[in-house]
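One-letter residues, chain by chain:
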Amino acid sequence: MSNIQDFFSMLFSPDFPFIRNAFFAGVLSSVLFGVLGSVVTVKRIAGLAGAISHAVLGGIGIALYLSATGKVPGLSPMVGAIIFALLSAGIIGVVSLRSKQREDTVIQAIWAIGMSIGVLFMAKTPGYTDPSSYLFGNILLITSSDLTLLALLDVIVLFLAWRFYPQIEATAFDEEFSQVRGIPTKTVFLAILSITAVAVVLLQTFVGIVMVIAMLTLPAGTAGYKAKNLASMMIFATLFSFLFSFSGLLIGWIVDLPVGAMVVVIAGAFFLGRSAGDVIKKRRIGRD
Amino acid sequence: MNIVPVALTFHDVSFSYPHLKVLDDVSFHFHQGEFIALVGPNGSGKSTMLKLVLGLESPQTGTIKLLGDDPVRNRTLVGYVPQHASYDPTFPISVLEVVKMGCIGSLGRGNKQKNTEQALKALEQVEMKELADRPYNALSGGQRRRVLVARALAAEPAMLILDEPAANLDRESEQRLYTTLGKLKGSTTIMIVTHDMRIVSSLIDRVFCLDAHKEGKKGRTIVQHTLEDEMEGETKRVRHDVKIPADYCEYPAGGKSE
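Order-wise, the sequence lines are chains S and E. Read in order, the letters of the first sequence are residues 1 to 288 in the working numbering. Read in order, the letters of the second sequence are residues 1001 to 1258 in the working numbering.
Here chain E stands alone, though its shape is the one from the complex (with noise of 0.2 Å):
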């Protein structure tokens, strides 16, 4: 039996802005190999849980252990997907230069081929490839979406993490969306983060609530809830009747078995 080692960790985690508190007392963790769905509504600091877990913000209290390390250290490993909305559509850029960004380094203009090479694997993967040399802005917003995630495979990166990945998207590039993600479960960690509190997709092995306060806090804490599949399977309902402890995994002490 093998044992598979948790991907993010938060123990006690409290955040606040200068005049706003945000968490209050969070614990939660999944393991590697899982897909999970962080949903909350609109201001329950669902971007700043974001921020914490990439190291761009630190707690003031806690602890955020991202891949056993800390974030700022480890966020190289996750491939990040961002909602991009304040993207300039007269940016001179090509389809593939986007996803080359992927495999950017802190400073090094990186080895040219490789990047190329590898940028173009990914493009694959999210069934782009023949839209490499297509001006970016040129695409639709759910070929854009998809050009975002092949940006962040191309790093091969051991955790995929999309924020609101199917805001504005129409339902067939949603579907096409989650049909690339589909793929990709299980050989990578996989997190989304999302204002629909209803419906996930079914895809989705647990989900996280961040819409509790505890007894006596200001800032939110985050509960699990069960799924309930419907649609055919298609998609499954976050159960908001049955919460359970944000740090119980069902998993044995010290990862999930294989």
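Only chain S is shown next, with the shape it has when bound in the complex (with noise of 0.2 Å):
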């Protein structure tokens, strides 16, 4: 008990910053993958985020060697990290509209091929660099100066969220139709993409890899089993994602456990939990 009480105090207290920046980077992600994580689940590219998310490590090892070797001093992993995340997204995006009985094996073949270029580049980087922080991240490590990066993307996904609501609800769920009504649906797909691709980036250096692709499905997918339409699901997933973050937080710091894998845990647990909730009251209306 007093440990919740430590836990409070300190989120209150000015003497720990780390604290109280990585409750608010959760309530900031929260948004993100409230929102599009939504867009995500209904348009079914969970798979692909999940491709774009893991080829980013190929960028960010190339740049942590380019940095540590001199070639390009102050290179920041995250620059890396955005380039292979818009590449990656354009192949990928490229051969779903071009080629969609290759969309599998290209979307597998970015996704390890991103992550070995990562790895062999951060084996040669000088000094001691692990891959593994990167794939869970550490939600402590969060500075104000990316929490204000994380405010601007917020505010600008929920922009266009709202002023493309009819056009993102419509192509995810009939393209051919929203193809008729001269919805430019391939621009759509692709913009979502992008978007989701920098979204990415920006939060897998703060939470980590595993994390951003469990939270862009986990609360979406949980709040689908209660919305009844694309905005109460990307409401209800921004609360649950914010309910995981803060709940793993808090478990996490009690148990002196990593916050970012607590969080997917926990999330994970609530998914088949209402998963399996949903199968059990089905076949008893089924019985009845």
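Simulated from the structure, these hints should not be mistaken for laboratory data. None of the values given here were measured: they were computed from a predicted structure. Here a beta-carbon is modelled for each residue, glycine too, at the ideal position from N, C-alpha and C. Be careful, since some hints might not be right.
To be verified - So, partial list: chain E residues that the calculated Cβ filter (under 8 Å) puts toward chain S:
id, residue
1, R1075
2, L1107
3, R1109
4, Q1113
As the list claims (entries may be wrong) - 25 Å max Cα-Cα, derived DSS-like pairs, lysine-lysine:
id, chain 1, residue 1, chain 2, residue 2
5, S, K100, E, K1185
6, E, K1114, S, K228
7, S, K228, E, K1185
8, E, K1114, S, K100
9, S, K226, E, K1021
10, E, K1065, S, K228
11, E, K1021, E, K1065
12, E, K1185, E, K1129
13, S, K186, E, K1051
14, S, K100, E, K1046
15, E, K1129, E, K1217
16, E, K1065, E, K1046
17, E, K1217, E, K1021
18, S, K186, E, K1046
19, E, K1185, E, K1121
To be verified - Ranges between beta-carbon positions, derived for each pair:
id, chain 1, residue 1, chain 2, residue 2, range
20, E, E1230, S, T105, 49 to 59 Å
21, E, E1156, S, P17, 58 to 68 Å
22, E, E1156, S, V119, 55 to 65 Å
Could you fit the two chains together into a complex? Lean on the hints.
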């Protein structure tokens, strides 16, 4: 009990900015996970987002290598990650639109090649670089400038989701009909993929690749059971996302375990529990 | 005597996918206000025809005019009812929201109140207004098909195109769907695309069949068949033994007379 009290007193204490920053990162990333995660879920492109989020490790590895060897001094890993994310989003997007039958193979190839490039370059980077730190991240290392970037992305994503809500909903529900209505479905798809790629980079730098892909799918998936439409799915997913992030932070702190992994386990348990509940409910209705 | 303009014209249209010749020298037309059936066996190129009509594909040779202009320019005047076979039952959406998609513009948010009014009016046309707030995934297959008809009607289209409207529907649902279409007959041009080559609804004025090959051609072409009443006027039988050139029309040149 005293651990919980300690946590809350530190959360409001100016002496422990890292806890407060982690808390606000949870709030701000919840908006991205909720809104983008819902779009990714209803458009069924979670696999694409997964490939992009893992492929960015290649960009991170190259940036770390170039920076540490002095070839491009001061090159931020985030720059490498963004280049790789947009590149992989572009390739996946074009293949998905032009050659649907090759989509699966290309997604897996980009996923694997991106990660392997990252590991190879990290191995040749002077000093010790641990790839797993990028897989799970550390939410407790978030700075105030990181929070500003997150807030900026929140505003952009919220605006775009509001402005193009009818087109996003329609293309996700029935792409062929949307095309006949004159909606540029390919542009909408590529825009969603690119924004997801940029968001994935920003988020994975803070919370890790594994948590990003889990949080893009699990809160939205859980919200899908309750939501009446895409807008309410986004709201519920944002709330679930915050709930999972906060409880992961709290429990991770109390039992001294990695917060990112804790958040994923909580979100996963909640989603699987909700899915199991739904299956049982349907069986009961079927029996009655 | 008013002249009714042509709704759809195919003139010497040929279309191929990279390794497959689908259509060869297809020429046919029909007029506004007509109720047309385009029939053909599975794999005959009906879906390709639809894509060409809706401007989702372009022919390699020949011209297509939809309501007097290029299909890409005029396709928003068409109410399209797809099969929607890949429908995701976990997609959270209400009936009203599905129908409102029919009023959607290419990039704008649109007028929410006006779109809702138009959607409710379209739901009334298919006698489903009372289910407006129901989740779409809670409807039966027949009800979902009528919601998609309402979605197509929401923008008050000049022409309605339905892809396999009776697929997976029971007899009662099919009858209800055709009752709705019967009310629209005359005021809206209607084209249904179906694989049932034997029997069509008695509402159909003319039938075009996509099952013939011209001599020396690999792709299919279209011929017209006559129709014969059967089942006490409820349905019409397609007379495959009586072929009419696809581009033949009994109406005066320039349009049918009213």
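For each hint, the structure was consulted:
1. With its C-beta approaching chain S no nearer than about 5 Å, R1075(E) sits inside the 8 Å limit, and its interface hint holds.
2. Of the supplied interface hints, the one on L1107(E) holds, with its beta-carbon coming within about 7 Å of a beta-carbon of chain S, less than 8 Å.
3. A cut of 8 Å between beta carbons decides the hint on R1109(E): the least distance to chain S is about 6 Å, and the hint holds.
4. With a cut of 8 Å, the hint placing Q1113(E) at the interface with chain S is violated, because the nearest CB-to-CB distance is about 14 Å.
5. Among the hinted pairs, K100(S) with K1185(E) is inconsistent with the structure: their alpha-carbon atoms are about 39 Å apart, more than 25 Å.
6. Restraint check for K1114(E) and K228(S): satisfied, since their Cα atoms lie roughly 22 Å apart, inside the 25 Å limit.
7. Of the pairs offered as hints, the one joining K228(S) and K1185(E) is violated, with about 35 Å between alpha carbons and a cut-off of 25 Å exceeded.
8. A C-alpha spacing of about 38 Å is found between K1114(E) and K100(S), which places the hinted pair above 25 Å, so the restraint is violated.
9. Distance hint between K226(S) and K1021(E) is unfulfilled; the C-alpha atoms sit about 48 Å from each other, more than 25 Å.
10. Taking the CA atoms of K1065(E) and K228(S), the gap is near 41 Å; set against the 25 Å cutoff, the hint is violated.
11. Taking the CA atoms of K1021(E) and K1065(E), the gap is about 22 Å. The hint holds against a cut of 25 Å.
12. At most 25 Å may separate the alpha-carbon atoms for a hinted pair to count; K1185(E) and K1129(E) meet this at roughly 21 Å.
13. Between K186(S) and K1051(E), the direct Cα distance comes to roughly 16 Å. Compliance with the 25 Å bound is thereby established for this hinted pair.
14. Between K100(S) and K1046(E) the CA atoms are separated by roughly 21 Å; this keeps the pair inside 25 Å, and the hint holds.
15. For the suggested pair K1129(E) and K1217(E), the alpha carbons sit about 50 Å apart, so the restraint of at most 25 Å is broken.
16. The hinted pair formed by K1065(E) and K1046(E) meets the criterion: a straight-line CA distance of about 18 Å does not exceed 25 Å.
17. Distance check on the hinted pair: K1217(E) and K1021(E) sit about 9 Å apart at the alpha-carbon level, within 25 Å; holds.
18. For the suggested pair K186(S) and K1046(E), the alpha carbons sit about 24 Å apart, so the restraint of at most 25 Å is met.
19. Restraint check for K1185(E) and K1121(E): the C-alpha separation of about 17 Å stays at or below 25 Å, so the hint holds.
20. Here the CB-CB span from E1230(E) to T105(S) is close to 51 Å, well matched to the stated 49 to 59 Å.
21. Distance hint for E1156(E) and P17(S): a CB-CB separation of about 59 Å, consistent with the stated range 58 to 68 Å.
22. For E1156(E) and V119(S), the Cβ-Cβ distance of about 59 Å falls inside the hinted range of 55 to 65 Å, so the restraint holds.
Comparing the model with each earlier hint shows violations of hints 4, 5, 7, 8, 9, 10, 15; every other hint is respected.
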